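K.L.:
Below, each chain spelled out in residue letters.
2 protein chains.
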Amino acid sequence: MSSLDPVLSHIDATLPQALDRLMDLLRIPSISTDPAYKADCDRAADWLVEDLASIGLSASKRPTPGHPMVVAHGQGAGPHVLFYGHYDVQPVDPLNLWDREPFDPALEDGPNGKVIRGRGTADDKGQLMTFVEACRAWVAVHGALTARVSVFLEGEEESGSPSLIPYMKENAEELRADLALICDTGMYDPQTPAITTMLRGLLGEEITIHGPTKDLHSGMFGGAAMNPIRVLSRVLAGLHDDNGRITLPGFYDGVPDLSDELRAQWDALNFDAGAFLGSVGLQYPAGEADRTALEMIWARPTCEINGIWGGYTGAGFKTVLPAEAHAKVSFRLVGTQDPHAIRAAFRDYVSAALPDDCTVEFKGHGASPASQMTISHPAFEAARQALSDEWPNPAAFVGSGGSIPIAGYFKTYLDMDAMLIGFGRDDDQIHSPNEKYDLESFHKGIRSWARILDAISKADA
Amino acid sequence: MSSLDPVLSHIDATLPQALDRLMDLLRIPSISTDPAYKADCDRAADWLVEDLASIGLSASKRPTPGHPMVVAHGQGAGPHVLFYGHYDVQPVDPLNLWDREPFDPALEDGPNGKVIRGRGTADDKGQLMTFVEACRAWVAVHGALTARVSVFLEGEEESGSPSLIPYMKENAEELRADLALICDTGMYDPQTPAITTMLRGLLGEEITIHGPTKDLHSGMFGGAAMNPIRVLSRVLAGLHDDNGRITLPGFYDGVPDLSDELRAQWDALNFDAGAFLGSVGLQYPAGEADRTALEMIWARPTCEINGIWGGYTGAGFKTVLPAEAHAKVSFRLVGTQDPHAIRAAFRDYVSAALPDDCTVEFKGHGASPASQMTISHPAFEAARQALSDEWPNPAAFVGSGGSIPIAGYFKTYLDMDAMLIGFGRDDDQIHSPNEKYDLESFHKGIRSWARILDAISKADA
Numbered sequence: 006m007s008s009l010d011p012v013l014s015h016i017d018a019t020l021p022q023a024l025d026r027l028m029d030l031l032r033i034p035s036i037s038t039d040p041a042y043k044a045d046c047d048r049a050a051d052w053l054v055e056d057l058a059s060i061g062l063s064a065s066k067r068p069t070p071g072h073p074m075v076v077a078h079g080q081g082a083g084p085h086v087l088f089y090g091h092y093d094v095q096p097v098d099p100l101n102l103w104d105r106e107p108f109d110p111a112l113e114d115g116p117n118g119k120v121i122r123g124r125g126t127a128d129d130k131g132q133l134m135t136f137v138e139a140c141r142a143w144v145a146v147h148g149a150l151t152a153r154v155s156v157f158l159e160g161e162e163e164s165g166s167p168s169l170i171p172y173m174k175e176n177a178e179e180l181r182a183d184l185a186l187i188c189d190t191g192m193y194d195p196q197t198p199a200i201t202t203m204l205r206g207l208l209g210e211e212i213t214i215h216g217p218t219k220d221l222h223s224g225m226f227g228g229a230a231m232n233p234i235r236v237l238s239r240v241l242a243g244l245h246d247d248n249g250r251i252t253l254p255g256f257y258d259g260v261p262d263l264s265d266e267l268r269a270q271w272d273a274l275n276f277d278a279g280a281f282l283g284s285v286g287l288q289y290p291a292g293e294a295d296r297t298a299l300e301m302i303w304a305r306p307t308c309e310i311n312g313i314w315g316g317y318t319g320a321g322f323k324t325v326l327p328a329e330a331h332a333k334v335s336f337r338l339v340g341t342q343d344p345h346a347i348r349a350a351f352r353d354y355v356s357a358a359l360p361d362d363c364t365v366e367f368k369g370h371g372a373s374p375a376s377q378m379t380i381s382h383p384a385f386e387a388a389r390q391a392l393s394d395e396w397p398n399p400a401a402f403v404g405s406g407g408s409i410p411i412a413g414y415f416k417t418y419l420d421m422d423a424m425l426i427g428f429g430r431d432d433d434q435i436h437s438p439n440e441k442y443d444l445e446s447f448h449k450g451i452r453s454w455a456r457i458l459d460a461i462s463k464a465d466a
Numbered sequence: 006m007s008s009l010d011p012v013l014s015h016i017d018a019t020l021p022q023a024l025d026r027l028m029d030l031l032r033i034p035s036i037s038t039d040p041a042y043k044a045d046c047d048r049a050a051d052w053l054v055e056d057l058a059s060i061g062l063s064a065s066k067r068p069t070p071g072h073p074m075v076v077a078h079g080q081g082a083g084p085h086v087l088f089y090g091h092y093d094v095q096p097v098d099p100l101n102l103w104d105r106e107p108f109d110p111a112l113e114d115g116p117n118g119k120v121i122r123g124r125g126t127a128d129d130k131g132q133l134m135t136f137v138e139a140c141r142a143w144v145a146v147h148g149a150l151t152a153r154v155s156v157f158l159e160g161e162e163e164s165g166s167p168s169l170i171p172y173m174k175e176n177a178e179e180l181r182a183d184l185a186l187i188c189d190t191g192m193y194d195p196q197t198p199a200i201t202t203m204l205r206g207l208l209g210e211e212i213t214i215h216g217p218t219k220d221l222h223s224g225m226f227g228g229a230a231m232n233p234i235r236v237l238s239r240v241l242a243g244l245h246d247d248n249g250r251i252t253l254p255g256f257y258d259g260v261p262d263l264s265d266e267l268r269a270q271w272d273a274l275n276f277d278a279g280a281f282l283g284s285v286g287l288q289y290p291a292g293e294a295d296r297t298a299l300e301m302i303w304a305r306p307t308c309e310i311n312g313i314w315g316g317y318t319g320a321g322f323k324t325v326l327p328a329e330a331h332a333k334v335s336f337r338l339v340g341t342q343d344p345h346a347i348r349a350a351f352r353d354y355v356s357a358a359l360p361d362d363c364t365v366e367f368k369g370h371g372a373s374p375a376s377q378m379t380i381s382h383p384a385f386e387a388a389r390q391a392l393s394d395e396w397p398n399p400a401a402f403v404g405s406g407g408s409i410p411i412a413g414y415f416k417t418y419l420d421m422d423a424m425l426i427g428f429g430r431d432d433d434q435i436h437s438p439n440e441k442y443d444l445e446s447f448h449k450g451i452r453s454w455a456r457i458l459d460a461i462s463k464a465d466a
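Residue numbers (the numbering used here), protein chains in the order written: chain A, 6 to 466; chain B, 6 to 466.
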């Protein structure tokens, strides 16, 4: 009998206790963005320190200018992994859209089985506890972990992680491991686990185009005075060509083509673009004409206008010619696209497109490069096999359209690759009312990590 | 001695009493758009009936589904003129920006002489009383008017004139005259009176472009789902070409070229485009490349985006891909441009420009053609001479960028030309806090109408 089997059995037998522990943690309203919950964030960190200590890790709370970090180290032999998660949660408003108190979690019956309902269940307390419970089971059954495990939890993920990079820089020596494990992602579908190996980066820009010094009456000035909304429309319309390609010079520098291997894997997923777009009332992929919808969201860069406003936007009509017009524009980045070079190209483009009578103001909203993991590391194949053993379908190496900056930070500041594995589902409603985490995700998530720890410990690094 | 001179002297001698009467009328808060002031609108109509009766006109209040009309007829010989004005006023908020109670009017010292301060002073009570006081002076001095005068005052001009067209249609016989006089415009500059002979029309359109059925996360769907703001930008950017011309097919049908005579007159005005645009921080005329700034605002049609909105417009950043995007677009029309044909061309253009995954909803906000007066009517030249006799500079036939729909209605429903003469100034702050009317406008305005009535009575119709 393998050393893994009794661990899995122990997990199955002690699931009610694991669930009780999660409920305890979920009851702490650790909303990081709201100063009113500062003490609660601190309490969540204390709870985690105590829980990690209870399974034999030397755990402590580390102060930062914001909410504390929790850092814990185990003594196990084998490859050294650093598990990252976050104990803070999103605000809960609008509260009236919740069907229960967000911090009074409970098991409920869902259309696809039991779910744990409450704020933070999927993002990220439920997910991070899958890893902690897997460690607990190894320790309970074998008296020790099968790999050398460190844990690194932050309390500011939902409020922009202001302390994260400084903390990583100052504590690089302590935090560096062979591999980072990040549990803040989802399954490909309920039957198919996923290891996210490509994460798009994100560059945000806000522009304000100024024309006249004040709002004008379009009867008096219309036709003679330059209208900033007209200028803004023209500037934004020029960002894509007729084939959906982004026109900024140098934009595609560093955008890799998909490897044949990954293309074959993705083809095997049989992604249903029609169903994906159909779920939101659309039919035609809107990106580059020569790419599949799956490539568009996982492997291609984008430019989206996330907001636009100017002039009179109320009921009825007002013939105003406004003094200024605004837009928020973001770029999702892939491969080695350089966010700073693209920010410069965008600003150059906008400035050059302005008529002489207009000026522009720029405001940056973050600039993170994409993360592309080196999946040749043997842990990736080991983890893929472990996940495939647990779930109905084999695990897939997938991309993620969204951005999880922490993965890039591990690479940049600690020179570590990160393996992103999570058990979230598309309908978890993270950041929204009625957030939930499937009980199956929690249970099989714990079992998955138990398997992965076993597999990694046996893989050649 | 002419019959005019004693009238002018009487006006000078009785100015204080005329001012007292205006103050009385100004104290009535006849805000037509707010039902709370319905009784006050009625009271203003009663005040005017009584005042017009006091100078020998048979005046009465005429009910409508909204606020009443005031109609009065005199017995004078000579050409028949119908004077139009409105007794209702704009709301006063924001009240805290007023330096005095809006309905407690007073004479104040302004930088360029005395001004009458209060809501409705310039728009339109002060202006309409210039005409009434001129009539009073004629009657006081000569016992009769020098022309056959009818008066037609409405109480809904500031709330969209819902009763006006039905009332005009039902009472066409009674209201028809040789010429309409409208006192709701301004001077060309403080030394130069103006007769407005070209009024641009106005067509308003609101579009909503729908893409996905709900707001999407740009990480999850960005690149694959069509973004309605991107579509909207492209649609709006296509409305003008690189030379500032509007691209809708057939848009310039019915746009006349300026006559040599009018061009010469306008050249003589020495319009300072640099100062005009400089006053609002601009430098370069933004319309058609081959037109002067004065043509752009008086004689050329325009397309302006008056409002635009979509997606996330708050502080910070949200990577949303919105379900819809909106714009309010208006067209100023000239000559015989057909607003309904242009509405159709606009809607056709937008619909054809949409990608297959988007739909559009249109909402119309009014459609009035331009008004172009037949200035060959001898009254126009007579009035021009009369105004030139009163003011330092000769009067000009000017265009108006704005729209005064009543002028078009007189043409359409009563087959009358209208002569638009007013004594407002650019700094009157109509519709805004601290509205004022220069005492000189009031005094010389009365004198001007006395002269015009005299001149018209002598002109050959």
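You may find that some hints are simply not true.
When chains are identical, the list treats them as one kind, so a pair holds in a single copy or across two.
[As the list claims (entries may be wrong)] Computed list of lysine-lysine pairs in BS3-like fashion (alpha-carbon distance at most 30 Å, straight line): (1) Lys368 to Lys449; (2) Lys416 to Lys323; (3) Lys368 to Lys219; (4) Lys463 to Lys416; (5) Lys174 to Lys219; (6) Lys219 to Lys416; (7) Lys219 to Lys43; (8) Lys416 to Lys66; (9) Lys43 to Lys463; (10) Lys368 to Lys323; (11) Lys463 to Lys219; (12) Lys219 to Lys119; (13) Lys119 to Lys174; (14) Lys43 to Lys323; (15) Lys219 to Lys323; (16) Lys323 to Lys449; (17) Lys174 to Lys66.
Bear in mind the hints are in silico, worked out from the structure with no lab data behind them. Values in this document were obtained by computation on a predicted structure and should not be read as measured data.
K.L.:
Flag every earlier hint the structure violates by its number, smallest first.
P.N.:
1, 5, 6, 7, 9, 11, 13 and 16
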